[in-house]
Structures are given as structure tokens and as C-alpha cells.
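Novice: Sequence:
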Amino acid sequence: MKIPHFTKCLGSLLTFALLTFSCSQDTETTFAELIVEETIATETITPEEEVTEEAAEPIIDYQKGTLVLSEDTKVALDITKGAEENSTSKKTYSLKSITQPKNGKTEMNNNNEIVYSPAADYNGDDSFSYTLNIQDSTETTVEQVNTFNITITPTKDVVDDVVTTTYETAKTIAPLANDTFAASSSVSITEISLANKGIAVLNSDNTITYTPNKATSGEDQIQYKTSITNSDASISTENGTLKVTILNNVQPTGANIKYVTTTGKSTNTGATEASAWSISHAFNTAKAGDIVYIKAGNYGAVNLVVKNSGNASNPIQFIGYKTNPGDIESSGSPTISYDSYKANGNKLNSNAMPLLSGNNSGIAIYLDRDYVSVNNIQISTYSTGLYSKGKYIKLKNIIGNNFGNQSSYNAYDGWGIMVFGDYSRIESCQIINATAEAIKLSDSDYSLVDYCKVYADNPVNPTDYYILLTGGTNNSIVRNSYAERDINLNHGGHGIALKDIAENNTIDNCTVKRTSFEFNFSGVKYNTLQNSYVYGVSTSALEWHARIGIFNGANNNNIKNVTIQDTWTAINWSDYDDGYVGPDGDRDEISCGYDNTFESLKIKNTNRIINIGEGSIFSAKAKRNTIRNSYFENFNAVVISNLGSEDIIFESCSFKTGNYLVVETKGIYQSYSKADITFNNCDWIDVNFTIPN
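What the sequence shown shows, in mature numbering (1 follows the signal peptide of the UniProt record, and there is no 0), is residues -24 to -1, 1 to 669, in sequence order.
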């Protein structure tokens, strides 16, 4: 529902976690004592550096203090090794301190080992030192500094690409999409070779546009070079190969091949473009194993219903094309970008792909059969773009805009893609301005939303839910997806949200801009949000929309490796009366969330790292939430406590440049804002408050 919330969040992620240590502002980190027995390691040989396809096993020489390991590989180092070779007396060691390496990081694990991790995609040299207190049998203690000199050998991150393009049809390829560089690395393509059978152009977004020559078919090949700047400012390069197959100028035919054009008729055979079916007849008639090619054009305000099911071996496929079948292929993103849509006057182009153009009502495509695939279709100006109740449905490159009443703020009447069946796949789809919900999974288990994008830029009645998992959606995945809210919209919106009942789902490598990730209601539990980003506008209270929200009893969720930047509040634990009641009960619990874990966050430039509570339900509390191994920089307050909390723990976190620790709100909240927050093993740098014990 469109109910404004008070909050804003930001983040920035840095992991600095070492087993049970007391925090310090020095360059070394002081640890609690570890008592271990001495052992002696045998000498090993360091191999010659070479680029490998797979990571080799690390080679450790404790006596020489050398370590050789592959790029992007962690290694655990036993501090009991590396003692004097001739020593036979029993000794005990306590780890006093450790310095952080320049091109990686160290941390302690539960086995009393130092875990070294090189920086993402870095290869080259590194080192770190650690200090031991060594006590012999006479209880004499000496201090020993050990140093590891590290060689990180390169591994191949570039994966060669094989693509197909239709006759005399340009194709844009994203060679980096299948490469294995870390998400945090800034990789670029710096050079490409000349093509033999066409023209290859390197674009500013690291894609390559290949245009085959006229009257040409066959195979072509392009070489490309990638470049990455390492943490020590050195440059690493890798080469890749792009192989392109240009298809012949022959449209596919066969008993199961059908064609649809804007001038097609139900009385035609559908065997060729010249004898094409109408689009309504195609959806009514197609049977298991049929491949229906739909040519670009404006098909008007049709309401399409699939009447038959496919099966696992022979699905029904509806595939849009521009000039020749196969000439539209989405790989890692929708084929029509938001920028090109804006450049076209906020309109979809029927010359680019088939367009269903409605009259602000009805459902464009209704699927209640199984094993159906719909690819490369544009949908505009309906109440609902695509409604799916079948299982094993595949939707790819569905581009839609303007669903629902765009001129009335109170109209909750526009849905882009609604999926209610299990094992569904929604890939490379893009929805712009759906007044209610853009992409929704409801009671849709084991489904996937991948490389999808949602935008809201209508200031009057903007999108409420951008990507929503609800209604008993379990064990599903949303990954590589994006939600963007324009500035100055009437409603804050819910970016990527899990609501009511949603368990064991994963949100991975997703970004929300000027909107939020949300976990809402007590039936939302055991979900994971990871490797993702929240980008706001500023720390102003007017820009509260960007955040991670835990609302109304959401519990036992894990949020890890998330960057949050430029927000009013980075994380909001709160309770409010949502008003929604599910079909089998109300899970809108009076609670600000409990038993949730936040790990490896990077939060930068925020008014408050955590906001606890808002609204008028004063009995709500946040309970047993834990934040660990996270980095916070440039904040006004660590916690603003409007409502109460119990057993909140910050563990092994770093705080830099802040004004307040915990602020318990006065006024109407004074009797309810008691904060129960513990800080264990944390670093404090340049803060303007008393550091907690």
C-alpha cells in the first residue's frame, strides 16, 4: 500500500574481522591471547608464476615466510608453525598483533589461524607481519615478529564468447558478462581487433557492436583486451576471443514453425510470413513443440490467452523478431534500454519489437498453462501486462510501460508482470511506470528473476512495489536486477521487497537507487540479501527513501556484503500498520524485527546507521539483531532509538568520522526509546563521542 515511511539509508562495505580482539586506533590490531603448541613445518618450493585457468593449491613455507597462492584465493595460516627449526622445547604462543597487507586483508578464524585474502582480481606481490609473544617452559616470554612475503599468481578471468547474429543484422555483445572478474573490480575493454566479415565497434559501456557486411554469412572472430587497475595501482590485462556466426538469409520453416504479422489472418496456414497467422489465433492455437515467430509491428489492444500447454521436452515458444527470426537476442539486459526509451519520447517503438498497445484496461497476455515461453514482446498501456499462473513459464525480454492510471495518486491499479506459478523464469525484462507492482512473484516457488530492471519516473502516481516476492514465495532467486526511483516522486515506493510470507529466498547482486530493500511482516524469514547496493541522494530527511528496511516482525534474515551510500538512514528497523491482511491471516506483527543478521556491510555518508522505530505503536521493539564485520564512515549517529531494543550487538565493526553513538529520542518517544546495544571488538577512528568499553 502507498503509505509513506520515515527513513533513509546508505552504505559502504568493508570487512575487517579478526577473532576476539580489542579495538585500537593504531596501525596494528591487538588480539586476545591465543595459547597454542609449537610445531615445525617442512620446507617447500615456490613454483614459477604463470596464468592458469583454475586456481592452484597455495604453497606455504613457514620457515622462509613465503606464500604462493592464486588470484582470488583465501588461505589459512597456522601461527604455531614458523618456529626455530632446532627448537625442541615446548612453547606456547599468544598472538599480540597483526598488520594489514597493502593488497589484501587478514582475519582470524575459529581455528586460531590467520586467514589471508588478496584484493579482488589482484595478482602480484604482497606482505604482512604479525607479532607473537613466545613463552618457554621456564615461563620466559619474548616477542617475535614474523613476516609473510606473498606472491599472488594470475588466473584467467576472461571467458571467450560465442554468439550468433542473423543475416545483415547488427548485434551488440557484452563480452564481460560471462567473465569471472569480481563485482567490485573496475574492468574495461581497452582494445579490439578488426573483424573480417563485418565492422566491430567498441562502445563506452564495454560492449561491442558487430555489424556483418552485406550479403555475408559464415564465421567471424574478434580479439579483445581487458584491463583492470589493481589495489597497488598496477595494471593487469587479459585477452579474450569473440566468435560470431552470421546466419544465412533463410527464414526457418517446418511443421512446428509458425509466423505472425500485423496483417496475418486466422485462416492462413502460418507456415511463412506471407501466410502468417494473426497474433490472437497464434496464442489460441499453438500447441506443444510449436515455435511462433512474431514480427515487429503494432498489434493494438489485443487480449491474448494461451489455450494449450507445452511439456518439458516440447514447450510452446512465442518469439518476437524485427526483420528475421533470431535477430533479437537479450544477453544480460533488456534489448531496449531506459535511456533509449527516454530518447524516443517515453514511448515504445513498434519497429524494434512486436508491440501490444492497450487502452488502459485489461490483461495483455494471460498464461494459465504450463511450459510456455514468451520472448521479445513490448506491452504498453494496459491494467496488467502479463499475468501467469502456469508452471515452468519463461519470460524473456518483455518490455512494458504505463500500467494503470498514471494521473491519480490513489489508483493502485497497474501491474507489469505477475507470476503465480512455480519454476518460472523472468529474464532481461524491463517495466517502466506500473502504478501498483512492476514485477511480482506470489506463491511462486523455485523461480528466478534475472537481469531485470524497473523504473519509476511518473511524479503523480509512481510505482509502489518494484520487484515483490510475496504470498508464500519460497526458495526463489532475484539476481543481477535493478530498481530505480526518480527524484521528486509523490511516493517513496518499495524497491525490492519481500512481504507477508516469503521464506528461503535469495536476493543477489542487485541494486536499488533512491529506493529500498525491504523485509516486511513476520512471515518473511530465512531470506538472504547479498552482494548488493543501495544508492541514495543525500543525508537529508527529505531523501529517506533509500535504505534497508526490516518491518513488522521480519525475522531470521541474513543481509551480507551490501554497500549503502548517501542516505538519511542506512538501516531502518520499524513497525507501522501496513493495512494488508493476507488470505490466511495477518502477519503484520507489532515488532521492529528480530534475530536478523547483518554482515560485511559498507555504509558511507548517512545521517544515522540504524534507525529504530517510528510511528505510534510504542510497544514495538527490535530484538536480537546482530551487525558484524562491517565498516561505517561519515555518519551523524550510530543509532537513533525512537522505540526500544533488546540485545542488539555490533561485533568486530569499524567506525570512522561520526558525531553521536546512541541517541534515545525524547518527546513522545521518551518512555519507549530505551536502547539495549552492545559493542564488541570494534574500531573507532575520529569520532566525537565517548568510545564504549
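Take these hints with a grain of salt, some might be off.
Calculated cross-link-like contacts (lysine-lysine; reagent style BS3-like; alpha-carbon spacing at most 27 Å) [what the hints assert, rightly or not]: (1) LYS219 / LYS263; (2) LYS201 / LYS241; (3) LYS283 / LYS201; (4) LYS365 / LYS318; (5) LYS201 / LYS219; (6) LYS219 / LYS173; (7) LYS370 / LYS323; (8) LYS642 / LYS72.
Read the hints as simulated data drawn from the structure, not as lab findings.
Novice: Please go over all the hints and tell whether each is borne out by the structure.
Specialist: Hint check results:
As the CA atoms of LYS219 and LYS263 are separated by approximately 35 Å, the hinted pair breaks the 27 Å bound. Restraint check for LYS201 and LYS241: not satisfied, since their Cα atoms lie roughly 50 Å apart, outside the 27 Å limit. Distance restraint check for LYS283 and LYS201: the Cα-Cα separation of roughly 49 Å exceeds the 27 Å cut-off, and the hinted pair is therefore not satisfied. Annotation: proposed proximity of LYS365 to LYS318 is violated, straight-line Cα distance about 32 Å (limit 27 Å).
Distance check on the hinted pair: LYS201 and LYS219 sit about 14 Å apart at the alpha-carbon level, within 27 Å; holds. Proposed proximity of LYS219 and LYS173 is supported: the alpha carbons are some 12 Å apart, at most 27 Å. A hinted pair counts as satisfied when its Cα atoms are at most 27 Å apart, and LYS370 with LYS323 qualifies at roughly 25 Å. A hinted pair counts as satisfied when its Cα atoms are at most 27 Å apart, and LYS642 with LYS72 does not qualify at roughly 43 Å.
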